[in-house]
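Asker: The lines below spell out each chain.
Number of protein chains: 2
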Amino acid sequence: MRIAQVPPLYEAVPPRLYGGTERVVAHLTDALVDLGHEVTLFASAEAKTKADLVVVRDQAIRLDPAPLKSDLAAHIAMLAEVRRRADEFDVIHFHTDMIHFPLFEDMAEKTLTTLHGRLDLKDLPGVYRRWPQFPLVSISDSQRAPLPFANWAGTVLHGMCAGIYEYHPKSEGYLAFLGRISPEKGPERAIAIAKRMGRRLKIAAKVDAADREYFHTVVEPLLDHPLVEFVGEIGDAEKSAFLGGADALLFPIAWPEPFGLVMIEAMACGTPVIAYQWGSVPEVIEEGVTGFIVDDEDEAVEALRRLPDLSRQAVRERFEIRFSAHAMARRYEDLYARLDEAARPPRLTLAQSA
Amino acid sequence: MRIAQVPPLYEAVPPRLYGGTERVVAHLTDALVDLGHEVTLFASAEAKTKADLVVVRDQAIRLDPAPLKSDLAAHIAMLAEVRRRADEFDVIHFHTDMIHFPLFEDMAEKTLTTLHGRLDLKDLPGVYRRWPQFPLVSISDSQRAPLPFANWAGTVLHGMCAGIYEYHPKSEGYLAFLGRISPEKGPERAIAIAKRMGRRLKIAAKVDAADREYFHTVVEPLLDHPLVEFVGEIGDAEKSAFLGGADALLFPIAWPEPFGLVMIEAMACGTPVIAYQWGSVPEVIEEGVTGFIVDDEDEAVEALRRLPDLSRQAVRERFEIRFSAHAMARRYEDLYARLDEAARPPRLTLAQSA
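Top to bottom, those sequences are chains G and L. Counting from 1, one number per residue, gives the positions in the first sequence under this note's numbering. Counting from 1, one number per residue, gives the positions in the second sequence under this note's numbering.
So that you can see chain G by itself, here it is in the shape it has in the complex:
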């Protein structure tokens, strides 16, 4: 099929450091090319891709040092270019929330829109009610809860290219926390759990400007402890070693996480996940196989005791089956085919036309 991929323009595709949406689109795009599709990626110039690249901005917005820029104008200009070339594609796959709806109304049936963010925002129901013709994809079933009436075509769990994560058959005796430092990600809970068990904890985390006060008042005072090591922000190159060396990833969230990429990144390294039961967690973690799902600190401590029951090899295997980029691309392929089927005029058989 001829497929267009349209990610947002905030980060490079794939991102240099953080940035979930652009990372998933990068892996999906390459996997679709590997499956034999003709894929076109609309992105900023830094993109690294196996697909045909259409450069729609000289650089990603967040990497661009220009002081005066317009997110909205950049995205609208990109979408106008996609529309100008729409005839070249069988399917146009958007990852841009709802901003493309007004421009693609007359061809909604050949679009697919994956929603990557949380959906419990006040202004969203009005928009998804007004444009019910756009088929939507959720990245977990739980993500859909605030918009049950929307035009859901399917759920496709994220996948990542297996090759960039190294499987670690043996861990090195520490627990890992990886993510933004923010109340919803729960770093202080990870620290409490590690201390109760007397286990080492390594924290690799970015501190956004918005979370700096929380970091200084809540988290920083807890870091001065012999069991806790704060390693700062890490890039893709260091992730495998950091996650693969851990006995387990702690994911003590307290918000409706739409997916949680770091869980599958840990699994790719063979590292099980101990996660709080919120959002996508029960759909991503297979209890007693790839990790444990817990409700509080006591249960997390109990889960840590049961860690030796899990096989790191089984964790990696489950990643490959469920969360490789190939697996994700296969699921999207099914959805694209269904769109294509629905768009084609029905073929009349002799019996029907008689």
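Since the hints were derived computationally from the structure, they do not count as laboratory data. Just so we're clear, the structure is a prediction, and the values are computed from it rather than from any experiment. Please note that a few of the clues may not be correct.
What the hints assert, rightly or not - Facing chain G, from chain L, some residues (calculated, C-beta under 8 Å):
#1 Leu68
#2 Ile99
#3 Leu124
Claimed, not checked - Restricting the straight-line Cα-Cα distance to at most 25 Å, the calculated cross-link-like pairs of lysine-lysine (DSS-like) are:
#4 Lys122(L) - Lys48(G)
#5 Lys48(L) - Lys122(G)
#6 Lys122(L) - Lys69(G)
#7 Lys202(L) - Lys239(L)
#8 Lys195(L) - Lys206(L)
#9 Lys69(L) - Lys122(G)
#10 Lys69(G) - Lys69(L)
#11 Lys239(G) - Lys195(G)
For glycine and all other residues, C-beta sits at the position ideal for the given N, C-alpha and C.
Since the structure of chain G is already known, use the hints to place chain L on it.
Answerer: Chain L alone, transformed into the frame defined by chain G:
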């Protein structure tokens, strides 16, 4: 005429404190009603207007305490509602930058779009080149400089309802600075000018989160001086007294100000303006009548010496002629009529059809 006014949804219409665009739209809307037009205002529920109000959000986005909301979704939903009712209007007047372009392509000829912000942003030329069919209004000629190729229908300088500002025939012996505390507004230059002349300076200003560091490091150390009084943020009710009591408003900007509402608010009170020559300033200030246009501190000091040459009554008169809401509404009326004329099928006379 049947006219729709479509301001952004960030602030109330009119705003409770700051917010230029929503304030201008509020005054324009009422003045158009006074001129006998059938006006419909699309806005959040707090709006106070003489027009028919279509409520498109329960409250303005910045006043809304809900932690999870989407600016983009709120605006797109509003625009969809405007489009649903588009047949009810002869002219639809947008104040929403370019976000409505995709939704109103098929009726661009009956829309007018006033651009309220600075236009030297990196991503704008691409958008205004792609949608050349939308007639645009600049709020000063100088504002157009970065987009000379755009489809400019005219320049309409802002106006304000004369009734809400009280004319002060006598001032009270101080200089005034009113605006955001930010490097581009130049509060430190205002302080330097006042100190050189040994004149009292009152500063009424808002400090945004983004400008707090600049305030603490650059401005705050200068405030501890017997000539300088910092009165904080003031509302509409206090503005007349604050501006009307001043010998002059100092407007020592250093950026391409697209308009600068505070200049005409001062004039409405009879207070002349000493402004640095940037952006709209030469179009708003009449040199030697409503104030002085200067290039540096020396010239500002010289202008202060010449202040007694100016007549406060003449300043107020020039405001009424050039910057009342009525004057602004008349200018927009002309532009609406031209749109309407252009949209109507040409009438064939006998001579032409023969």
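Asker: Given the hinted pair Lys48(L) and Lys122(G), is their alpha-carbon gap at most 25 Å?
Answerer: 24 Å, holds
Asker: Tell me if the interface restraint on Ile99(L) is satisfied: Cβ within less than 8 Å of some Cβ in chain G.
Answerer: Ile99(L) check passes; min Cβ-Cβ to chain G is 6 Å, inside 8 Å.
Asker: Measure nothing beyond the straight line between the CA atoms of Lys69(L) and Lys122(G); if it is 25 Å or shorter, mark the hint as holding.
Answerer: 5 Å, holds
Asker: Please verify that hint: Leu68(L), Cβ, nearest Cβ of chain G, below 8 Å or not.
Answerer: This interface hint holds because 5 Å falls under the 8 Å limit.
Asker: Under the criterion that the straight-line Cα-Cα distance not exceed 25 Å, is the pair Lys69(G), Lys69(L) satisfied?
Answerer: Holds, because 23 Å separates the two Cα atoms, which is no more than 25 Å.
Asker: Verify the interface restraint on Leu124(L): the C-beta must sit less than 8 Å from at least one C-beta of chain G.
Answerer: 5 Å, holds
Asker: Need the status of pair Lys202(L), Lys239(L): alpha-carbon distance at most 25 Å?
Answerer: 12 Å, holds
Asker: Given the proposed pairing of Lys195(L) with Lys206(L), does the C-alpha separation stay at or below 25 Å?
Answerer: Measuring from Cα to Cα gives roughly 22 Å; hence the hint holds.
Asker: For the pair supplied as a hint, Lys239(G) and Lys195(G), is the alpha-carbon distance within the 25 Å limit?
Answerer: Given that 25 Å is the threshold and the Cα spacing comes to 24 Å, the pair holds.
Asker: What's the verdict on Lys122(L) and Lys69(G), does the C-alpha distance respect the 25 Å limit or exceed it?
Answerer: 5 Å, holds
Asker: Are the Cα atoms of Lys122(L) and Lys48(G) separated by 25 Å or less?
Answerer: Distance of about 24 Å is within 25 Å: holds.
In this structure, none of the earlier numbered hints is contradicted; all agree with it.
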